[in-house]
Structures are given as C-alpha cells and as structure tokens.
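Novice: Following the hints, position chain B against chain A.
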Amino acid sequence: MASVPKPNELVKTINHTPPETWWMDKKVEFRPGTFCNASRPQYLEAVGLPFAREWRVTEDDWKLPSNWKEIYINGIKERLERFRTFKVFMDICVRCGACADKCHFFIGSGDPKNMPVLRAELLRSIYRRYFTTSGKLLGRTAGARDLTEETFKELWYYFFQCTECRRCSLFCPYGIDTAEITIIGRELINLLGCNIDWIMGPVSNCYRVGNHLGIQPHAFRDMIEFFCDEIEGVTGVRPEPSFNRKGAEILFVTPSGDVFADPGTYTCMGYLMLFHELGLDYTWSTYASEGGNFGFFTSHEMAKRLHYKIYAEAERLGVKFIIGGECGHMWRLLHQYLATWWKPPKNLEVPVSPITGTRFEHAKSTKIIHIVEFTADLIKHGKLKLDPSRNDNLIVTFHDSCNVSRGMGMFEEPRYVLKNVCNNFYDMPPETIREQTFCCGSGSGLNTDEYMEMRMRGGMPRANAVRHVNEKYGVNMLACICAIDRAVLTPLMRYWVPDVQVCGLHELVGNALIMTGEQTRTTNLRGEPLPGMEEETDEDL
Amino acid sequence: MRWVDTLERNKQKVIETWFQKIIETYPEETAKFLKAQKNPFLNPVGGAIREGLEGIVNWIISGGKSEEVIPFLDRIIRIRAIQEFKPSEALQFIIELKVIIRNICSQESSVGLEAVDALVDKLLMESFDVFSKCREDLYEIRVQEIKDKTFRLLQRAGVLYEISPESEQRDR
Chain A
255 MASVPKPNEL VKTINHTPPE TWWMDKKVEF RPGTFCNASR PQYLEAVGLP
305 FAREWRVTED DWKLPSNWKE IYINGIKERL ERFRTFKVFM DICVRCGACA
355 DKCHFFIGSG DPKNMPVLRA ELLRSIYRRY FTTSGKLLGR TAGARDLTEE
405 TFKELWYYFF QCTECRRCSL FCPYGIDTAE ITIIGRELIN LLGCNIDWIM
455 GPVSNCYRVG NHLGIQPHAF RDMIEFFCDE IEGVTGVRPE PSFNRKGAEI
505 LFVTPSGDVF ADPGTYTCMG YLMLFHELGL DYTWSTYASE GGNFGFFTSH
555 EMAKRLHYKI YAEAERLGVK FIIGGECGHM WRLLHQYLAT WWKPPKNLEV
605 PVSPITGTRF EHAKSTKIIH IVEFTADLIK HGKLKLDPSR NDNLIVTFHD
655 SCNVSRGMGM FEEPRYVLKN VCNNFYDMPP ETIREQTFCC GSGSGLNTDE
705 YMEMRMRGGM PRANAVRHVN EKYGVNMLAC ICAIDRAVLT PLMRYWVPDV
755 QVCGLHELVG NALIMTGEQT RTTNLRGEPL PGMEEETDED L
Chain B
4 MRWVDTLERN KQKVIETWFQ KIIETYPEET AKFLKAQKNP FLNPVGGAIR
54 EGLEGIVNWI ISGGKSEEVI PFLDRIIRIR AIQEFKPSEA LQFIIELKVI
104 IRNICSQESS VGLEAVDALV DKLLMESFDV FSKCREDLYE IRVQEIKDKT
154 FRLLQRAGVL YEISPESEQR DR
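Residue numbers (this note's numbering), protein chains in the order written: chain A, 255 to 795; chain B, 4 to 175.
Next up, chain A with everything else stripped away, as it sits in the complex:
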C-alpha cells in the first residue's frame, strides 16, 4: 500500500530556490517599472540618427532593420579597432568577482545579471562568438553565443540598468571600466535606432534649442528674473543678472534642471545671490542654456556635438573663462573627454578668480571651473560673510555624486563649503562616500518616471546609508552637487527615508550669505522660517 506523506515531509519537498537556468537561456521579461520607454521617432530624426520609427519595448517585434545583425557586429568591429580600452576590456577579464557585489543595481535588485562582470559578459559572449577563434569553434563551451533578437533585447535591458557610475571599476584589479563597456553597449544600441525616449528627448531639444526641456530664450530669462523676485522678497536685495552680454569676463552655464525643477531652483537662487554679492562680471547665455549633456548617453560623437554650443557662446560673447554650475556628468565630460574633443576658443584664458586672484591651473586645458571650487576658494580667502546659524534647522549630510567624486576626485571642496555654511554636518559611513560613493540609481539618463521601480532598487544602497545618519544624528537634509541627484534623490528619499529632504550646496550658501544692504531675513530660500524667526514669520502671514 502506498504510504501517504506526513505534512512535515510535504513541506520539505517545497523548493524555494528559483529554477536553475543557464544565464544564457534566461529570457528577459519586460515588466512595467523596470524599463524605459522607446524613443519617439522625431527625436532621432532631429539629430539624424538612423532607423527612426515607432516601436514599443513590450511588443515582440522591435521593427529592427533587416540587416540589423550585420550592423551590430560591424559596429563592434569598428569600436574594437577604434577604442583600445574596449578591446582590452573584452579580453582581459578573468572573472575574479571583485566587482560582483559592488553595483548598486545588483545590491538593490538581487539580479545576478547586474553583477558588473555578468553585465559585461552579455556583450563579451557576442564578441567571443564573432571575433575570437575559440568562440567561433567552440561556441558556448568558450563562453560564446549567437546574436539573436532575444540576446539583443537582453543587452538593451541591462545596458539601461547601468548608470555608468564606475563604482565597480574602483575594485577591479585590472582597472576594467564597466562604464566604458556600457557606453559602447549603448552606442551599438543607437546604431539600430533603439535609444530611450528620456535620453533622446533631451538630446534633440538640446541640439535645437540649447537645453533638455526645450525652453526657449525668453522663457529661460523669465525664469531667472522670477528667481530675482523671490530673492528680493527674502533678502531685500535684487540681483541684476545679464543675458548674452558681450564682453563679460565670465560665462556661467548650469544644468537647466536648476532653472526649472525644484529643488534645483533654490540652488540657482544661491548662484544668483553669490554672484551679485561678489559683483562678478558674468553673464548667462540663453543659447548655451544647459550644462548637462545627454549626448554622453548616446554616443561619443553626440556628446562632442552637443558640447560645442558652450564654447561657441564663449567665443561669441568674448568671455575669458567659464564657470559651470552644480552638475555631475557635465564634469566627467569636461574632465575626461573635452580636452581631446575641441580646442577652446582663442579668447579663453586659464581661469583666474577675479576676487581672490587664484589661478585654476588644473583647468588649463578646458578653461572651465566648477562653481564649488570657485566658492571654496572664496571662503578660504575670507571673501564671503557667512552666517551658518541660518541653516541651524538643518542637519546635513553630503552625497558624493559619482561623476564629480569618482570621476574628478572632488571630495574636499564641497565638504569645506558645507562646514562653513552650516553648523550641523555629518558624513555617511566611509564605505559609502567619496570614491566609494553609491550612485543615486538614476544617473546616465535613467531618471524617467516610468522607471521608478528600478530606480528605487538602484538607489537603495545610497538611501540605506542616509537612513543610518538620519537615525544616528537626526540628519534631515541631503546635500549634493549634481542636478540629476537633486531631481532623483528627492523621490528616493520619499520612498526610503521620508524625513530627509534634498538640496544643492549653493542653496545653503545662499541662506548663509550675508549680503550688503540686506533686510533682516526671516525665512530661508524655500520660504520656511529661519531658526528663531518662527514668530516673525507668523506675524508676516
């Protein structure tokens, strides 16, 4: 007679481990919230990219051109010949696993294909199949696989799950830069007209109008004037910025997020107040109205093309040097790419602060400096009157934006400024800041709303460290020097650590700055009462 199993025996038969499938055989499932929408064709057409068409990520047929495989494989070949790094990175990895647990997307999602080694392996397997003898002969045994529509979709899915933050490369004993693999991976995607809407929209707007949102000159100017009204309301002092003024000493360019999206707008007010107080001879451009460059998330050529407007404006206006606002990828581009793309116009000189006389030798090749180094230099020379107690309602921590910290090595300047403009500053745990900083989870053009679920996964390690300082020191403000960070850390905090708000560094500078002729301030730039001024603001209301 057959024996009936007891309940506890039945429980033991339940296997909780996901079914074993060789990674090459596991198909991608496109669930809403975990992928970005396909680009609209008009955006590709605007910048002359090939195969502009209507297509949807969730449909089986991506309407790829009939010779798509040939285009893709030729694209790899061309890049292997052109980029020595790419060639080396395809061959050199020994799969030691040092990078495996360093990616914020892996940590937050638990998806092994987000281990940088495996994400790169998605492309390496194609490389081996078509470019190495062992791969051609031995196929899968040699870690090679055919390029099919399924594998292309997988490459697409995972190259948009890398924010090019380079945390993994920090730990690679060979120095393999996974971000560069992603950059090439995305270039190949572009050859088939498959970029995402959130990248191609800003690219085409930037190319035609000068900024990501496609804001026209009059609206751009109007917005800055509006900030001047707000500043006047808070301080009684009205900055008088100029626009497209020929003969100014300095051109100021910042990400358009600072001009149009909260909380970046308060950072923008901070810039305006600082420059006014210094009496700086500077001008805004309503044409070079974008510091960001989503061309970087498209192709090397597109990044180069979109950057030029800044130099063209600098030449037209005849300025001596350029100051850039608080931005992340803008600085990685300037620091690591720009000098090999374009020669600066002849009228540009090595930046010298007109206030302190400091010569910024490191900007010799590009003639562009970061506003944080400019401000840190001012404070170091005692050129600013600051009242940090105006930020006493804030307990601040600092998020090192990947591109400025890991990409440029700028660790001390923002902290130096912060310690001078506020009294309560606490760093997050050392393994989560400076060169080891965790990404916001939405960089490299992935900060779109339809991608929110994946963004919450990617930002989880960062949020976890913020949560720690929130619980330990009562931190309620997360400062950063990147416009994408300001936009995306806000929803990230809302989900993971709702007590914490997000600000740019120069918002805090603006609050602390004592301006000549200012009235007694009762509120900060957000209109919230300053510490000790709660009753005064109640009376005002």
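Hints were generated in silico from the structure; no laboratory data involved. There's no promise every hint is true.
Unchecked claim - Simulated pairs of lysine to aspartate or glutamate, EDC-like, Cα-Cα distance not exceeding 20 Å: (1) Lys136/B / Glu704/A; (2) Lys38/B / Glu685/A; (3) Lys150/B / Asp703/A; (4) Lys574/A / Asp535/A; (5) Lys152/B / Glu479/A; (6) Lys152/B / Glu324/A; (7) Lys24/B / Glu704/A; (8) Lys150/B / Asp516/A; (9) Lys152/B / Glu704/A; (10) Lys367/A / Glu31/B; (11) Lys89/B / Glu704/A; (12) Lys317/A / Glu403/A; (13) Lys367/A / Asp8/B; (14) Lys68/B / Asp132/B; (15) Lys152/B / Asp703/A; (16) Lys317/A / Asp451/A; (17) Lys68/B / Asp124/B; (18) Lys280/A / Asp124/B; (19) Lys136/B / Asp703/A; (20) Lys558/A / Asp703/A; (21) Lys41/B / Glu54/B; (22) Lys41/B / Glu27/B; (23) Lys281/A / Glu31/B; (24) Lys150/B / Glu704/A; (25) Lys726/A / Glu54/B; (26) Lys597/A / Glu615/A; (27) Lys152/B / Asp451/A; (28) Lys281/A / Glu32/B; (29) Lys24/B / Asp8/B; (30) Lys41/B / Glu685/A.
Values in this document were obtained by computation on a predicted structure and should not be read as measured data.
Specialist: Just chain B, lined up with the frame of chain A:
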C-alpha cells in the same frame, strides 16, 4: 515549558533558519552574497532582512501585544515590494515562520504552540497593508515627480491661474 520560553531560548536559531529561507527566494549567486557580506552598508538588503526578522521574532515572543511590529515588517517588505516578486512571492516568507517555529519548538516539550498560528496570521494581515502602502508610495512618488518637473513652468506660463501658488505650495 511554555512555547514562548522555548522560542526565546532558540531565538537565534529561528532567525537564522528564517533568514536562510528568505534568501533562498533569490538566485543562488545573490543568496550567497546576502548571507556572506555582514556589513549592512555594503549589503543593505541582507542587513535590513536580519534587522526586520529579529524585530518580528521579538514581537512574537512578546505575545504580539506591541504595535511596534510594522516598522520591522516595513524594513523587509519595502525592499521586496520593488524587487522582481509577485505580491504573493514577496510575502510568502511570513507563512514560513509557522513551520520554522513549530519545527524548532516541537523538538522540546512546548505548551500552547497553537498560539503561534494566530500570531503569524495577524502578521500576514499586517503585511498585506504594508505591501500595499509601499506600492501606493511608489505610484504617488511617480506622480509627484511629474508634478515637480512641470510645476515651475506651468506657474510661469500662467496655466496655474486657478490654483493659488500659496495653496499649491502648501499642498506640496
């Protein structure tokens, strides 16, 4: 001996077994990492799961009287709500607790073990609420982000004429 006393004595064992069950819902390579890396800043998911489980087991030991269990459920479920799980898969770990406590406590003579079922059922009910709240938060955040991106432009364009800026600011 009362089952609560047995559970208290075997608390670490229960937590370890439960932790193992949860990480087995992830792919093998991920499970290894979640278990091996003990630094909660480098392994925030593993850290949060451990912290949550300990809080929940303490709540069971206290007889489920305290209302404090929700933050511990939230520690774990907030993560699983945005990972690649269906709702049922995300919350399955709660039910596992019944079997784990039974298996461990029944090895010693424990009195009143049936009370565990009611407590775990209560936990499961709370978990539904927590899970729904997390997903609602996610959608709410998405809507808020869209509003934040366009608010200033609409304000300047005069499209927000009917909404006073003050009330809009307050709502935000």
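Novice: Take the hints in turn and mark each one as holding or not.
Specialist: Each hint, compared with the structure:
1. Lys136/B / Glu704/A: Holds, because 19 Å separates the two Cα atoms, which is no more than 20 Å.
2. Lys38/B / Glu685/A: Given that 20 Å is the threshold and the Cα spacing comes to 19 Å, the pair holds.
3. Lys150/B / Asp703/A: holds, 11 Å
4. Lys574/A / Asp535/A: The hint holds at about 11 Å.
5. Lys152/B / Glu479/A: holds, 19 Å
6. Lys152/B / Glu324/A: violated, 41 Å
7. Lys24/B / Glu704/A: Since the Cα atoms of Lys24/B and Glu704/A sit roughly 32 Å apart, the hinted pair is violated (cutoff 20 Å).
8. Lys150/B / Asp516/A: Roughly 10 Å between the alpha carbons, so the hint for Lys150/B and Asp516/A holds.
9. Lys152/B / Glu704/A: It holds: about 14 Å lies between the C-alpha atoms, which stays within 20 Å.
10. Lys367/A / Glu31/B: holds, 12 Å
11. Lys89/B / Glu704/A: holds, 19 Å
12. Lys317/A / Glu403/A: holds, 11 Å
13. Lys367/A / Asp8/B: violated, 44 Å
14. Lys68/B / Asp132/B: Measuring from Cα to Cα gives roughly 18 Å; hence the hint holds.
15. Lys152/B / Asp703/A: holds, 10 Å
16. Lys317/A / Asp451/A: holds, 16 Å
17. Lys68/B / Asp124/B: Holds, because 14 Å separates the two Cα atoms, which is no more than 20 Å.
18. Lys280/A / Asp124/B: violated, 36 Å
19. Lys136/B / Asp703/A: With Cα atoms ~19 Å apart, Lys136/B and Asp703/A stay inside 20 Å; holds.
20. Lys558/A / Asp703/A: Not OK: Lys558/A and Asp703/A at ~27 Å, beyond 20 Å, violated.
21. Lys41/B / Glu54/B: holds, 12 Å
22. Lys41/B / Glu27/B: At roughly 17 Å apart (the allowed maximum being 20 Å), Glu27/B and Lys41/B satisfy the hint.
23. Lys281/A / Glu31/B: With a Cα-Cα distance of about 17 Å, the restraint between Lys281/A and Glu31/B holds, given a limit of 20 Å.
24. Lys150/B / Glu704/A: At roughly 14 Å apart (the allowed maximum being 20 Å), Glu704/A and Lys150/B satisfy the hint.
25. Lys726/A / Glu54/B: It holds: about 16 Å lies between the C-alpha atoms, which stays within 20 Å.
26. Lys597/A / Glu615/A: holds, 17 Å
27. Lys152/B / Asp451/A: holds, 16 Å
28. Lys281/A / Glu32/B: holds, 18 Å
29. Lys24/B / Asp8/B: violated, 23 Å
30. Lys41/B / Glu685/A: Between Lys41/B and Glu685/A the Cα gap is close to 13 Å, so the pair holds against 20 Å.
Checked against the numbered hints above, the structure violates hints 6, 7, 13, 18, 20 and 29; every other hint is satisfied.
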